[in-house]
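Chains as they are written, first to last, in my numbering: chain F, 1 to 628; chain W, 1 to 377.
To be clear, the hints were calculated from the coordinates, so they are not data collected in a lab. Heads up, a few of these hints could be off.
Some, not all, of what chain W presents toward chain F, calculated at C-beta under 10 Å [as the list claims (entries may be wrong)]:
1) Arg144
2) Leu189
3) Ser190
4) Trp212
5) Gln216
6) Gln242
7) Thr244
8) Gly248
9) Gly250
10) Ser294
11) Thr323
Away from chain F, derived, C-beta distances all over 10 Å, residues of chain W [to be verified]:
12) Arg21
13) Pro29
14) Gly191
Cβ coordinates follow ideal geometry from the N, Cα and C atoms, glycine included.
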Amino acid sequence: MSPRIAIKDDARERRVFAARAATAFLVVLMLVGGLVLRLIQLQVWEHETYQTRSEQNRIQVQPLAPPRGLIYDRNGELLASNRPISTLTVVQERVRDLPGLIDELAGLVEITPEDVERFNERRERRRRPFEPVALKLNLSEEEVARLAVNRHRLPGVEIATELVRHYPLDALMAHAVGSVRRVTEDDLRRLDGVRYSATRFIGRHGVERYYEQSLHGDVGYQKVETDAHGRIRQVLDINPPVAGQNITVHLDSRLQIAAAAALGDRRGAVVALDPRSGGILAMVSQPAYDPNLFVTGISDEQYRSLVSSRDTPLFNRAINGQYAPGSTFKPIVGLAGLSLGVVGWDEEIVDQGWFRLPGQDRIYRDWSWTPDNSGGQGRVDLHRAIYRSSNVFFYDMATRMDIDDLSGFAAQFGLGQRLAVDVPETSPGLLPDRDWKRSARNLPWYPGDSVNIGIGQGDLLVTPLQLATVAATIANRGRIVRPRMLLASDRPLAEFDPPPPLPPVQGPSPDDWERMVDAMEAVVHRGNQGYGQNGTAWYYIGQEIPYRMAGKSGTAQVVEIQQGEQYDEEELGEYERKHAWFIAFAPADDPVIALAVLVENGGGGSAVAAPVAREVLDAYLLPQLAAR
Amino acid sequence: MSNQDFVRSLPQYSATGAPARLRQIHLDPIMLLAIAAVIGLGLVVLYSAADRNMTLFGNQIVRLGIATAAMIVAAQIRPRFYMRWTPVFYVGGLIMLLLVLAVGVTVKGSQRWLELPGGLPRFQPSELMKVAVPMMVAWYFHDRPLPPRFSDLCVALLIIAVPAGCIILQPDLGTGILVAFAGVAVVLLSGLYWKWVAMAGVALAMAAPGLWYLLQDYQRQRILTLFDPNSDPLGAGWNIIQSTTAIGSGGVYGKGLFQGTQSHLDFLPESHTDFIIAVIGEELGLVGVLTVLSLYLVLVARGLYIATQASHTFERLVAGALTLTFFVYAFVNVAMVCGLLPVVGVPLPLVSYGGTSAITLMASFGIIMSVRTHRGW
């Protein structure tokens, strides 16, 4: 035993240790007491809070998107339907080697670098753990099958299926039926957030936009138990969604096909109405775009080319293209003159090919004018002025009327206004008068302004839809109808609330209307009369025509031609050439269709636009005639 | 010493029956009963937490079997033998720790495992040190005057600091602190002057801001999350939000076994390992958690009692320190799951799924039982 041991006091050590052990146990009791207090706080005092939180964890109310209502044309053809698409999604948390997995998937389905880029963007966004992220949209059935076969070795890969809008006719109906686009954050602030909680697409243009509320349907709900990964373990309760309303529109897809074919690859628009109801039978604007692209995801490149193209395929020329009507405005000027008593059917003037206001040097030309002043239509009355489209006659007429009277009369045809019942986003055009000129230009109305208005030039602007309405109004001998899309629906639609019918055009007598229709028939049918005696369109469309058609051509200048110079198509750039117009209706004595055709920068109305009109009318009327 | 012999010769100790027979094979009946109760309850909860996964359940039974064997073996060895071999254990453990730092296997970003040759299971030297460090301090104190003098205290702190430092360098801050605590527990139980304890406390408090800068980013994040779990509800705060939700939603009586939605729908992470107390809280309620805590208290009380009754300084210090270390494990785990302490990787003693810690713990109980049941020194 070493001496040091002797210093050790075993009894004291024992006492000290016992005291320390007791102290330690006291501390242990205090710490356990603290834990117990915390447990009581969690499990007794705040139990309800945590119980609620646990239920919220477990039970989720998921909105169920309603299937969008279908859109049919007048023949029962589907214009807008729904189809299921499959999306390849990846649950990142369940994947060890993400680049490796993407490589492996690329061996099974086509995955572009752009897909990967977008996938990475989506991954960056804030999301729940285990939330699937879309990698490739719109899988083909074969791709779905190939993925399904390989699924066992692709953990974290899931295929999600949903119903999306589908337009079976692709680009054909893009500007008539419209399209849908993805719901944005802005929409959700503006719309009923609950109603749209499961909705991913919303009407963007056209019928889809106007009848959005009815087409959308009512959202449904399911109460589900989910795990922490968001996977549904069981459905506890379900309240199914109510599908949107199916609607039928006046559009006739066969006529639409004919109109698009007649325009071919030229820029322009065709609007055809049923003059009895105002129903829009066809509404074509070329070039168009494939609305399906906006559903399944359009690439940046595709979108950029759509937006930046000089031919503006996203632009709906039929309702938003505003152009000078040119000579198609002449029937209105003539009817205004008759109503105001400044001209009669028997009155003649001499057309030498040019017109000059008293005391002014400026020369206003006829389309037949030549630099040696040898043109002109000779002796012209109103009838001949229509079928020969004499500018000089209407220059003279316009100067005889006060512009406010002429504007007021023309307004009865819907110019300068939005008349359509259920076509959203239409442009109003421009019907100038004194007030407009003072407020817009701060200038008085000059007689020269009236001269230009007389032949549908100057500041006057109309849309193809408006000119189709003008054609329908003349076809109806003054009874004006509002253009409309909706033909029928299963139940009344909340959005369909047409304003009261418009009063018929005041002024012209029934005889005036008939004689104006006669003059417009002559435009098409008066032929074999010799040089300078035929209707302007007869040569192009008036031969071998099995029905009576009334029409009027128009050629709208895009750039001003200098005094003394001649319009030379070859010298002008493509986008500076004249716009070709033609309005028509048929059969002339009992019209069932009225239309307006515009070919942008196409040239002469009779030569370019009239044949399009003839093709469209043939497509509509020939089967009907054959059936009779 | 003679006093002990006298007590053991009293009739109640020589009585026949199960307790006496257990004591003959060097097991302590009270401790054994409490351990069995904790393990039994733990297995039931584990079966539920692991979603009735029989493989996992079987693994745990095998591990607990090994751990029980370790306890029984440890209980058969005389305390004197432990003391004699303590320096060997300690130095051997220290060498292995250094080896781990040099050539250890990296798991989850830190080197804790030593690959043993010949297909033996992987070995974690830091586990050995949880027992070896308090034993070494006790060995150093056993023949020195207590309360310790300043020079002895310094040596003791060195004995603690070297292995604890190695473990912290692995890096495994949690285990390092726990190993250090096991050693410090011996120093405190040895009767260190309260004045010195207070001074050390003040020094530690003053050093705390400096220590903050020594922490890794993720460790700081865990501490910050403790104060505001909702600052990062899907990241670092997720565990704590989900575990407190599990416990709180259990209420007094719990949702019933297998009925816990937090654990069975995977909201609760690590539900069968470090966070298993949350499953108990959710499925068995306050009653279940209090049962577990009470059983732990019985073990702690019994351990401390055995320590006070021991005849030799080494026995006292080792039994007391191992008991307190066990308590710290339990406390840290429950406090962490309740959101009172930062998340550290400490399993719930005898309940959490996992082998190494169970073997160490049961061996410690074996040593305590050895202290209790071996006559004389």
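Hint check:
Here the hint on arginine 144 (chain W) is kept, as its CB sits about 7 Å from the closest CB of chain F, short of 10 Å. This hint holds: leucine 189 (chain W) has a C-beta 5 Å from the nearest C-beta of chain F, less than the 10 Å allowed. The beta carbon of serine 190 (chain W) is positioned within 10 Å of a beta carbon in chain F (closest approach about 8 Å), and the interface hint is therefore held. Restraint check, tryptophan 212 (chain W) versus chain F: the minimum CB separation of about 24 Å is more than 10 Å; hint violated.
Interface hint status for glutamine 216 (chain W): violated, as the beta-carbon distance to the closest one in chain F is roughly 23 Å, over 10 Å. Here the hint on glutamine 242 (chain W) is kept, as its CB sits about 8 Å from the closest CB of chain F, short of 10 Å. Taken as an interface hint, threonine 244 (chain W) checks out: its beta carbon lies about 6 Å from the nearest beta carbon of chain F, inside 10 Å. Because the smallest distance between the Cβ of glycine 248 (chain W) and any Cβ of chain F comes to about 3 Å, under 10 Å, the interface hint for this residue holds.
A least Cβ separation of about 6 Å between glycine 250 (chain W) and chain F falls short of the 10 Å threshold, and the interface hint therefore holds. For the restraint placing serine 294 (chain W) at the interface with chain F, the shortest Cβ-Cβ distance is roughly 9 Å, inside the 10 Å limit, so the hint holds. A least Cβ separation of about 8 Å between threonine 323 (chain W) and chain F falls short of the 10 Å threshold, and the interface hint therefore holds. The Cβ of arginine 21 (chain W) lies farther than 10 Å from every Cβ of chain F, with a closest approach of about 29 Å, so its non-interface assignment holds.
Annotated as non-interface, proline 29 (chain W) keeps its C-beta farther than 10 Å from every C-beta of chain F; the closest such distance is 21 Å. A beta-carbon of chain F comes within 10 Å of the beta-carbon of glycine 191 (chain W); the shortest separation is about 4 Å.
This entry does not satisfy hints 4, 5 and 14, going by the numbered hints stated previously.
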